[in-house]
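S.K.: Protein sequence lines correspond, in order, to chains A and B.
Quick note on my numbering: the first sequence kicks off at 1 and runs consecutively.
Quick note on my numbering: the second sequence kicks off at 155 and runs consecutively.
Since the hints were made in silico from the structure, they are not lab data.
The calculated lysine-lysine pairs, modelled on DSS-like cross-linking and capped at a C-alpha distance of 27 Å, are:
id : chain 1 : residue 1 : chain 2 : residue 2
1  : B       : K215      : A       : K40
2  : A       : K66       : B       : K338
3  : A       : K66       : B       : K332
4  : A       : K105      : A       : K66
5  : B       : K338      : B       : K469
Stretch-level coverage of chain B by chain A, calculated; a stretch enters the list once three of its residues show a Cβ under 8 Å from a Cβ in chain A:
id : segment
6  : 199–210
7  : 358–366
8  : 372–379
For the chain B half of the interface with chain A, some residues (derived, Cβ under 7 Å), not all of them:
id : residue
9  : T220
10 : E223
11 : Q317
12 : N369
Heads up, the beta-carbon is just placed ideally off N, CA and C, and yes, glycines get one too.
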Amino acid sequence: MTKKGEEAMLSHSLNRFARDLAIEQSLDAAIEISDVITGKRSDSPALSGLIHTLMGADAQGVSPSKRDLLSDSQFTSISQRAAALSGRHYTSTNELSDILDLLLKVNSVGLTNFSADDLNFIRDFCLGLNQSFVSEAFSKTPEPPLARSRQQNF
Amino acid sequence: MDIEFHTHKKLGAIVAQIEQLLLSDFPHPASENALKRFLDFFRGQITRLESASNSDPRIVKRVCITVNERILQYLPVLGFLLRSTNVRNNFEAYDAFVQLSEALIGLHAQVVLSSEWDYSPLTYPMNVSVLPNFVLLGMPASESTNALILPLAGHELGHSVWQNDQVDHLFRANIQNKVRDYIKAKWHDFTQAYQEHTHLMPTDSELSNNLFLVNVIAEVVQLCLCQVEETFCDAIGIRLFAESYAHAFHYLLAPSLGGYGSLEYPRLPVRAEFIALYGDVNLLEQGFSNYPAEFDDQQPTLTPRQEFVSSAADKICRDLAYSVFEEAKRIVEDKAALHLPSDAAAREILEMFEKAIPARTPRSLADIVNAGWAYVRKHGSTFTEDERPLFDWVSELILKSIEVLEFRRRLEDA
Numbered sequence: 001m002t003k004k005g006e007e008a009m010l011s012h013s014l015n016r017f018a019r020d021l022a023i024e025q026s027l028d029a030a031i032e033i034s035d036v037i038t039g040k041r042s043d044s045p046a047l048s049g050l051i052h053t054l055m056g057a058d059a060q061g062v063s064p065s066k067r068d069l070l071s072d073s074q075f076t077s078i079s080q081r082a083a084a085l086s087g088r089h090y091t092s093t094n095e096l097s098d099i100l101d102l103l104l105k106v107n108s109v110g111l112t113n114f115s116a117d118d119l120n121f122i123r124d125f126c127l128g129l130n131q132s133f134v135s136e137a138f139s140k141t142p143e144p145p146l147a148r149s150r151q152q153n154f
Numbered sequence: 155m156d157i158e159f160h161t162h163k164k165l166g167a168i169v170a171q172i173e174q175l176l177l178s179d180f181p182h183p184a185s186e187n188a189l190k191r192f193l194d195f196f197r198g199q200i201t202r203l204e205s206a207s208n209s210d211p212r213i214v215k216r217v218c219i220t221v222n223e224r225i226l227q228y229l230p231v232l233g234f235l236l237r238s239t240n241v242r243n244n245f246e247a248y249d250a251f252v253q254l255s256e257a258l259i260g261l262h263a264q265v266v267l268s269s270e271w272d273y274s275p276l277t278y279p280m281n282v283s284v285l286p287n288f289v290l291l292g293m294p295a296s297e298s299t300n301a302l303i304l305p306l307a308g309h310e311l312g313h314s315v316w317q318n319d320q321v322d323h324l325f326r327a328n329i330q331n332k333v334r335d336y337i338k339a340k341w342h343d344f345t346q347a348y349q350e351h352t353h354l355m356p357t358d359s360e361l362s363n364n365l366f367l368v369n370v371i372a373e374v375v376q377l378c379l380c381q382v383e384e385t386f387c388d389a390i391g392i393r394l395f396a397e398s399y400a401h402a403f404h405y406l407l408a409p410s411l412g413g414y415g416s417l418e419y420p421r422l423p424v425r426a427e428f429i430a431l432y433g434d435v436n437l438l439e440q441g442f443s444n445y446p447a448e449f450d451d452q453q454p455t456l457t458p459r460q461e462f463v464s465s466a467a468d469k470i471c472r473d474l475a476y477s478v479f480e481e482a483k484r485i486v487e488d489k490a491a492l493h494l495p496s497d498a499a500a501r502e503i504l505e506m507f508e509k510a511i512p513a514r515t516p517r518s519l520a521d522i523v524n525a526g527w528a529y530v531r532k533h534g535s536t537f538t539e540d541e542r543p544l545f546d547w548v549s550e551l552i553l554k555s556i557e558v559l560e561f562r563r564r565l566e567d568a
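Chain B with its partners taken away, still in its complex shape (with noise of 0.2 Å):
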């Protein structure tokens, strides 16, 4: 059979696995929502399969792989979305982290919280087309139970701060800049990067005219751009959630992940040691003496044209973590205030788990997951675990402080 057939079958297969899926019983409108969209977008996609039919092969042929690329791309958000039905999921953090979604994006903002077969929490920030204003939130599996961890969704929720707010406007111009500054200052390791064009000169009238240079500078803008926003991202997750954030990235992170890093995110060592520069948080009165040493990651063995572009994305990135940190903060003291973490707050919080019971005045998410991250600090290493788990018990009294900030907004709004 040809391949347009076999496409043809893909589409109806995806299409009836999205309706079987909208089958499902959906705790929250946001899920059964994103599965409409992928159903009207699988739709669409057979539609335009049937409309190039009769077109140039090559039309076909690109109808085909595009359909190819987008099921591989789109299959593991809809295993996302199934599993954000499951009721591992900790959906009593559900409404609190609708309610920062909102600050932050605005009232279209759609949120769904899920579980990840894959040990990050980090992996769909997907700002794709198909579901705008969506903000996606995962959590590994194996942590379900784990609420001192929520606080790395506001890393997650930092991409689509990025996205919404076109972070990324701010900082290209500056980049592009800097880059060519880069080159002409590293002229002698471009040359030798790329031995076959030592020919070309680092001129302002070159950099902007030759197409080879330009692709290199495009190369490393974009880079740059990812570390940038991963930055930002880790900026938004520490001015939303303080010390939490900062204990749950070590703890989930520290030391590293046995490997080495993509190029598209600062190195760990680097987010952290950003984190403790940049982050205003004393992480030595968290018990911190050396954060960034605490992460260890590998450096990928680069060829030298890969070592050239990623040098000088590491490096811009470096020289703009300040500024891309002052603009995550301004940006959520500017449309989150309600939300930010008071110390007072998570003190007052922190003497209701010592006496066993849960917050009755909570403010803020932040506040409480910050209470309980001193509750394991304080009591962690004289906690007896005949009972319960230390986690488990300080995740129990954080859920339910979290519902009772749920039920206290529900009553304002009333």
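Next comes chain A alone, as it looks inside the complex (with noise of 0.2 Å):
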């Protein structure tokens, strides 16, 4: 494959600066569709900012496919992690499709029409997430020179 094909095909993956960010907005998306839930707001940017950082874009601007999101491992790895952490456990990639298809939706319609269960599950797929980035950040080293893993001393 060429360089700038698998530049294409994977324009959404997550580098550790993406996952750094995620950290903040999957936290400020459940706040924010928390919000939703009790009418207090009609929308989520950190919501949108999130599922940019995850799925990604290429130079034009397009989101990848949902073929090619489920084709990456990283990407359905967290996927299920997060979904997992929320209460729903998924063995085979495909069934992840119903995630994508909400996030997906929230990319193209926002959160408007979306039932109180889809939002709930939102909301805490964005718990699950934050969680599981939270969780790699702690365990990893901040670059150690021969990397010791980080100990904890209390």
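With the hints as a guide, bring the two chains together.
M.R.: Okay, here's the thing in structure tokens:
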């Protein structure tokens, strides 16, 4: 595969910087969605930002296809962990389509016309993402020399 | 008192600490800018905690956990920023690193040069979202007077280039494909490591759809990407500084630091092997008959699963090392051609050093440090340290030459 092709295919890859950013976005999104559920607001800019961070876009601003996203082990692994933390346990990549459909729908029409169940799930999914990324950030040594694993000193 | 109350107090404490730090005298604006960003960030955390205060208790809990993690992660960086104001740092080299960073990353690059109370100079490529475009270069405090190790900052610059150029995009798909191929080829090893999953079959369909397998693939991809990034950073360092990177790497790390390395790095002898194979430096001429053999580290004891994941990442990183070095070279030659080392220029500077005077017309930081290492190699065994230690003498020549480099740069820009 050419470099150009590879780049196009995985423009949604989550690097260290993006994962760090996603910690904040996922938490802000969960708070905003809670406010949507209680009627305090109707949109969630943080969720839009999070979806953009998770999915990315190519140089032309086009999001990757659902097929591309489901073929990326990082995206599916993160989504599965976050879903599991929010109570949905999947064993097959295809089952993650449901989540992806929800996220793509948010991307296109915002949070209007979502059922209460879906909003609850998206909020919990965001909390699951936050838990997953925070846990990863904690366990990751800040680029050690020969990388001792971070030890808790207390 | 409840956790939310304590979290408020902890955020108040760190905000107060940053406000105190901002009262320091900063030799360069980048450190102050970074502190201001942290101040805004933690004030934002206070606002978030307040806005979440009446939310679902699970959200409040996640906010408190996130605050703890952020303080844990960023507190060492605040210490790093404070130490960047210390006169112990080699401020003479600051401008040279700014020029290199601006060439490689762009004019928006902000450089912080500081010391570490940590032996490794490779501790903070903190590509954190709070500090986009910042390059944090740390040198161990015990080596603060030693200009010969400056090339190791090239490795740190590499992390910023990796992020800025999104180099991971170039390799991720290829790595993922290679991981799938590895699992197919090593299926027997896989079933030994994951004995409760022997019912699985290594078909393309299973490798794409079975989420257990996908998670294993993701784990190897992530580990391999870390190793590839470290390899890339060594490649940036060696292309920017040539032999002086190899010498500085050897000086600081050989034969090892006594333990075993993280799985996120290629093993030390392997990193040395990549430098020797792909670094385009004649290490034999530099006095190393077998550069990788100078290094030694122990293999950690791993569980069968860790062993499988680690072996896969090691193998794939090795397969990609040549192309990783080529990509690093391409970027450096494309963006920082004016800063690249030249043998002739280093020889010219060495002649000046041998007359005990700094370089008169240096053109790059690399040439100056390469001349310094050439001086050490040529005269180290006969140098009389009665008056001053060899490294202090050479470092003085290097730092004075770097000042000349900055002076000439400013004249040209004027």
